[in-house]
Amino acid sequence: MNHSPIFGRVVAELRASRSMTQDAMSLRLGWPRGVLARIETGRTTAKITHIADVERLFIDEKLIDKAGDTTTLVGMATDILKQRDETVTPEGAELHRLAQRVVDQWLRRDLPGWPARCPVCGVYEGRCLVMHAPGSRSAPQPVSPRRFTKRPHSGREGGLAYYSGGSP
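Residue numbering for the sequence shown is 910 to 1077, as defined by my numbering.
The hints are all genuine.
Quick list of in silico lysine-lysine cross-link-like pairs, BS3-like style, CA-CA up to 27 Å: (1) LYS991 x LYS956; (2) LYS956 x LYS971; (3) LYS975 x LYS991; (4) LYS975 x LYS956.
Derived from the structure by calculation, the hints contain no laboratory data.
Based on the provided sequences and hints, a complete structural model is requested.
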């Protein structure tokens, strides 16, 4: 099985998740746009230096945690293909959907054994250093747990609001 097209689609999906164009990404990498285009379409085998450059960029963008994670994503896609008993790498729309599904799961960390992400700031559960008001989707504010108190809400909604001390 040829892994170049799978790697290329994974790179393309990670790039697209940040709404980054090929031009913008190749400019940040310092490559000609054609090199990135060939990697994304799987028409060339990516050199190890290309993989390292791409991974450094994705780490900077917080899409992956460490070097080797893009290889993990390719392995996940390959495992899905093995479960289907396919010996030939799919092409076109099928490969696009497969890479999209794997990258989507990766970005949401919707994988068995992965901790959930904080719904407000997107950081992994247990690593979030900010305490958020339950149900709040607003910008998080650093709050000391000792100062996180409930006070009656003075607005029309009634009920309780969460304040971090000081005047409401």
